[in-house]
Structure formats: structure tokens, C-alpha cells
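Visitor: Single-letter residue listing:
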Amino acid sequence: MTGTERENCELAIIGGGPAGLAAATLAARLGVETVLFDEQPAPGGQVYRNIEANSRETGLLTPILGADYARGLDLVRAFRASGAGFEPMSAVWQVAANGKVGISRDERACLVRARRVILATGAMERPVPVPGWTLPGVIGVGAIQTLMKASGIIPDRPVVLAGSGPLLYLVAFQLAKAGAPLQAVVDTSGGSLASAARQALPILAGFAGDLLKGLSWIAALKARGIALYRGGYLSIEGVSRVEAVSFRSGGRRIRIATALLALHEGVIPNNQITTSLRCQHAWDRTQLAWRPETDAFGATTSPLVAVAGDGAGIAGARAAVHRGRLAALDAAFRLGRISRNERDDRARADRQALLREARFRSFLDRIYRPSEAMRRLDDETIVCRCEEVTAGELRQLIGEGFSDVNQLKSFSRCGMGQCQGRMCAGTIGRLLADETKADIADMGQYRLRIPVKPLPLAELAALGNADRNSGPVLEVADGDPSQRI
Amino acid sequence: MTRTDVIVIGGGLHGCCTALHLARRGLRPIVLEKNTVGRHASGVNAGGVRQLMRHTAEIPLSMAAMAAWETLAETLGPELAANCGFVGGVGQIGIAQSAQEMDWCHERVAEMHALGYDFEEVIDQEELRRLVPSVADICRGGLVSRRDGHANPFRTTQSFRRRAEQLGARILERTRVIGLEQGDGGWTVTTDNGVFRADIVVNCGGAWAWQAGAMVGEGFPKSHFASTLMVTSRMPHFIDPVVIGIDRVLSFKQTEAGTVVIGGGILGDPDLDEETAETVADRMMESAETVYEFFPILRKATIVRTWAGLEALMPDIIPVIGPSRVARGLWHAFGFSGHGFQLGPIVGSVLADLILDGESPIPLDAFSPSRFTAEGKLKPQAH
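Chains V and Y are the protein sequences, given in the same order.
Everything in the first sequence is counted per this note's numbering, starting at 7 for the first residue and increasing by one.
Everything in the second sequence is counted per this note's numbering, starting at 367 for the first residue and increasing by one.
Just so you know, not all the hints are guaranteed correct.
Unchecked claim - Beta-carbon label-pair distances, calculated as ranges:
#1 V:L153 to Y:R536: 34 to 40 Å
#2 V:D440 to Y:V561: 32 to 38 Å
#3 V:D440 to Y:D637: 29 to 35 Å
#4 Y:D558 to V:R259: 49 to 55 Å
#5 Y:D731 to V:A288: 34 to 40 Å
#6 V:T442 to Y:Q466: 37 to 43 Å
#7 V:A156 to Y:D606: 41 to 47 Å
#8 Y:D469 to V:T442: 54 to 60 Å
Honestly, the hints are just simulated from the structure, not real lab data.
Built from N, CA and C at the ideal position, the CB exists for glycine as well.
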């Protein structure tokens, strides 16, 4: 059955990364009629993208991408064997509070009504609005890794990696191993990994492997003679494309000429759908991002909808598996497959594993907390890349009395473009809070409505499974056309 | 306690415009806005500046409004006027697909002529194609009002707000009225942000206006609705006029930014208490279908956002403008039922005339609050 024929399902899971795969597998095993929707052709999500094909070909890729990546194969195999339905190449453009999931596949849109929805939409790279960040030739570190996983492509020209977070060194290490021309790595996080680890040793017992792994990447880069810098106040130069990156390091300014620059400041929850559902969100003061508020099973304040994995706050791929399982247990309980006691009994092991993961995560959060002081928003810096709205324009409007992110959006068009505010939502709140000396947690979020992904008008005009008796217009407007609203 | 001469409840376009005109005539209005200026219908409507196909009772007011749109700079000054993004003279066109719709166009123009109005004209397919080259062959002609156009609703509301402030009005956002009482010293308006005293209160509360009525025991219909808009990604310029449907669900315009705003009165799901509204894909389908059939150029367009604004709805689809029927010094202007934006520049001026001169040169009887019973139902004789 394809998405355009399916009218109903018991449990819809959005996203085929570790959380979605684990949730679908367990829910299906518990007898819930489960369908997993994902945009990619094959399961795996961002972290295990293309894992089946890459492991079959067993060429260079899996050795380069490492054992952590290979671990995803077990998850995918279990999912394939679970009996859960899989709808690949399916973009989800709405999840309504009544459980209607809007899918777009093969240039056809349709609605599928689910009794429960688990959002496993994962994370996105945090936008890095520094001067010049929108120039061609500036990309995300995550995008480089996506290309490696999806197509085995590595950059063919010298590349500089800049930013902070575990992915920075991992991708640098993978690129170096794959023989890519790596020019330099600029670490913009506050302190060094080794010294932070020493301080945090008491809470990190049991994570020596992870720590050593991180340190080994750095050592391997040094051994290959890759230039490693610590720096801040990044600025990107170029006219029609990137020509150089400069930064402050140890009291002086360093400039590196490059034609390809990859930025990374960690990842943030992909919360477009929970925002469009008007779920309660909280500002995470450590991760500097909005995350939906959930109970211990991932249930949001929207009655039919749960979130599992990084979409509920960044905790990584291993934790995502446990969070997916917890959401599946709760779905099976709510759908009448298991009792409350059985849910709680089965949840114990996953809860404990999550607690363990949380210790390491809090360490990572601390050392990789984005240093906003080190990326000031100059007036010329573009905040909204779709509509090209600068920080200076927004500052002027705030000075004139605008005190709300949605007012700023309505007036300046910041956040109105093709990306629907994904790239500027965090920045506009930060700017407003800074300028008005207020707490960013009080600045609120963009009001989002469907579609959460752009939807071709032709697909909407031929929407499958739409309720034809939904009363599109007021009755009073019928009859005499001049009595229109 | 803050004392002034006039309090305006509601910081939408009509509230801001009322404050502007009262300030221009020497009063010191304070506007109390529970959220932010232009948060609901005023800021998020389709921006149509339309005389076309209006209720005949609204036409004198709408014609005066059109003149006010065309001379915005006199009211707002050149910069704030330019900020409204008003594009006039491009016309609004009601598109007829069926023979019955064409017949209705002729009947409508005959009725308008009998009333002495000549701004609506029937056009044939050739003229329709000249005005709108991108229209599909299935469209036979329609009805045009050539002076009509469109403006940016959020920016327009902000311009009226700024001008009102320049003239001495105060606009207090995040100030919710929770009590309204008349005593010997005038009106006491209690809010969650202080208590205000004034001789005159103007109720421009939009979808929430009936609440102010209820505070003084004056019943109004509590009905409201949310009208949905969809907007496409930017497209190359292809159309100047605003087009609307006659029997089909349709309304769209291309903005200065190149995006196409598609409406047509598609209902969203309003939530008055939460002060928001959801859009509903099942219903948007019908509007998308009409656009798809009438405008092949839009088949490749992509919907990037939708939204719905909350608006009061009167059972006779015309607004309430006039003095309270239970209390002196209380005035109402609300219930524009989804087509109040074009009236934006005039209603405040009319209210200032009513309040300060006791009369307006524009006939307003049809909008009188006295057409409702004490419980807020439309009186039978009103129809």
C-alpha cells in the first residue's frame, strides 16, 4: 500500500532515524498497526543515512564512517523484520491535532488519519549567523557528512571546518581518513576537551571510551599535520562566494584563504511540527534552543502526539533508541495493547539507560555550549537568509517599539521565506532579548501553521482523502455573492 | 489611575485610526490593546482594498474610504503613507466562469446603477484577458471595479498607529480590559495593566468587542470566524488586479514581494479563548482547486505558509458603527465580518465626527447597534 492509498493507521511515526526505527519496531511487535514515514529512500535517518547500501558495498565507506555508524544496521534490520509499514520518500507537511498527517509523495499529497503520532524528526544544524555566512561556498559540517553517507562524495577542494561540537572533530577525522584536502579546523568552543574531561571525571565514569574517541580524533588530526586553531569572532570574507575566513585567536586575528568553509555550532531540535501544533515548549538554557515539553514517555501537550529522540531535546543517537522505545510503550498502552503496569515495567531498563546517557550528555552540553559572545551579530549580518533581513534592520524596528518576534516577522518579512523560519527563529529571539534586556525564554516563538514543508499548489488542489464535507466557506456567503465575508 | 478624555478598546486598524482622528481633533486618546497592535484581523487579512461586490449599505462608506486611501499622505504624511504599500487603480475583478455568473454580473450592475453607483462594470472575456493575461479560457468575463487595489495590512495598521502616536495618542499593548463601568466621574476602565478614567469609550474590540458590550449589559452577537490565507513562494510578476470568485471560492493577489496571497473566505478553526486560529488543509483544497483551474500559471506555485485571522461576524454581514444603546459616552465600531480593511482609513474619521459633532456626512443607519435585541439577536424588522 502506498501513502496515497492509505486513509488510516493506528500509529504514525514521522522520521526513520534511531528514535523512529526503535519506536516502530517495538510498537509493531506489541501489535500496534504502525507506519513509519520518512523523506529518504531507505531507513536510517541522518545519523544512519543509507546504512543498508553502504554496508552491502563494504567498500571504504563503513571503515571511514566508523563503528558507531555501522551500529545502525541492527536497528534497521530489526525494523525491517518487525512488520511495521514503511513509507519512504514521503515528506510530512502537516500533523494536525486531530491526528491527520499530511504526506507528499511522488508529487501527490494526501491525508492519513492516525490515532497516535510519534514525531521522530530529530535535529537540525544550528544556524551560524556570522558575517558572510550566506555566501556560496559556506555549508554546514552536517551537509558534508550527509554527502559522504548518501553518495560517498568527499570535498574535492581544500576545506576549512569551523565551529564547535562533537561532530566537528568527527567529520574532520572522517574527511582526513578519506583523504579529503582538509586545510584547518577552527574550534570556537570555550575550553579544551582534555581539560574539561579532567574536571568532569567523577561524573564520566563509564564513558572513557567516548572520551578517548574524541581525543583520538584530535590526536589523529594533529598527527596528519592538520592545522588546529582555537578562535572566536568568526568572519567570512568574499564577494560572490567565500574567499577567506578570519577569526581571533590568542589575541591576534588569523586569516585563512579558502573556497570552501563548513560551519557547525551543534544541533538543535527540529521542532517545526510541535510548534505548528502549539505544543508547550521550553527554552533550554544549556542547549540554547526551544524544545517541546514532554512527560517521561515523550508525550507532548498535544493529546495525540509524542516526540522521541533529538526532536525533544538533543541527547544523541544512543539515547534516541531508548526514547523511541518509551514513546512506543506509551502508544501501545494508549492504544490498548498493554496495561499501564506492563508499560511501566518494560520502561524501566530504557529509563536507566537514559539516565546513564544523560550524564555524558550534560558534559557535552557544557563543553560545547554555543558561545554567543564569540559570534556577535553585527548590523550587516543577515538573520533571515530567505528574505535577506539583516540584524541592523531588526534592531531598528525593535528601537521603534516592536516587542514581539511575530510583529517583527510581519513587518520585516524575517522568517516568511521558503525555510519557514527554521534558519532565523533562534536568532530573532536572541536579538530581541538582547536589545530589550529581556529573557529570551519570554520572547516566544514564531507562530507556525501548516504546511511545515512547502506544498505545491497542484498537490493541495488534488489532496487525497480530504474531507469534502468540511464546510470550506460560511453558509451566509453562499447565495448572493455580494453578501460575501 | 490614569485620567484622559477618551479610551479606545482595541489596537486594530479601526482602533488606531479612531485614535488618530480623535487626536487630530485635540483629544488625548489612550488605546488599550490586549495583545500587540494588529495582532488579529487587522494585521493578517488579505489586504484587499475593494469596493467591488460590497453590500449596498456599505457603499457610501466604502467610497469615502477609497478617497481616503487615495489621499493617505494627507492623513499619515508621505513616509507612513508609503509604508502602507497601497497599490490603487489596478482594479479588483470578480471572475465569472458560468453563464449564470455572467447573468448575475449584469443584474448587479443594473442594481448599482439604480442606486446611482457606476464604479462596477461588466467586462467580457476579451477585456478580462487584457486585464489579466494569465486567466484560463474557461473564464468568460466578470465584474470590475477599476479604482480598487490592495495594501499591506500589517504595515498599514502600524502606520496608523505611528501617526496616532505622533499626534499625541498613547497606545498601550499587552493591556487587557477586564472591567468597564460608568459612574459620576465618567468611565472607569479596569485593565490588567492599570485603571483608566475617561469621559468617552470607543469599542473597537473586533472578535472580542461583544465582551465590552456585555460589561455594560449591551448584547451583541458573539459570533466570530477565522478566514484562511495561503501564500506562495515568490514568483515573477504576472498579475496586477486582485481577482475574486463569484460563485467559486477564490481570491488572490500578487504582492509587491512577488508572493501570491490566496484566500476566498476559507474557514479556519478559531479559538477565541486562546486568541488564535488553525488552518485546515481539507478546506483549503477547494480554494486551491479554483486557483488551479482559473490560473494555469499558478499550477507550479508552492504554498509556503498559511494563516487565519480572528474576526467578528455579524449575522447580516455588515459592521456595527454608532452609539451604545444603553450608555452615553460609549461608541462601537466592530463586526466588519471579514471585509473591514478597505474601510480602515474612514471609520475612525466617521467616529470622530459622530463623537464630536453628533453627526456624520456619511449614512450610517444600517450599522446602528440598535438593530440588535437586548440579548444580541438581530431584530426581525432589520431584515
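Visitor: I'd like to know which numbered hints this structure contradicts. Please list them from smallest to largest.
Guide: 1, 5 and 6
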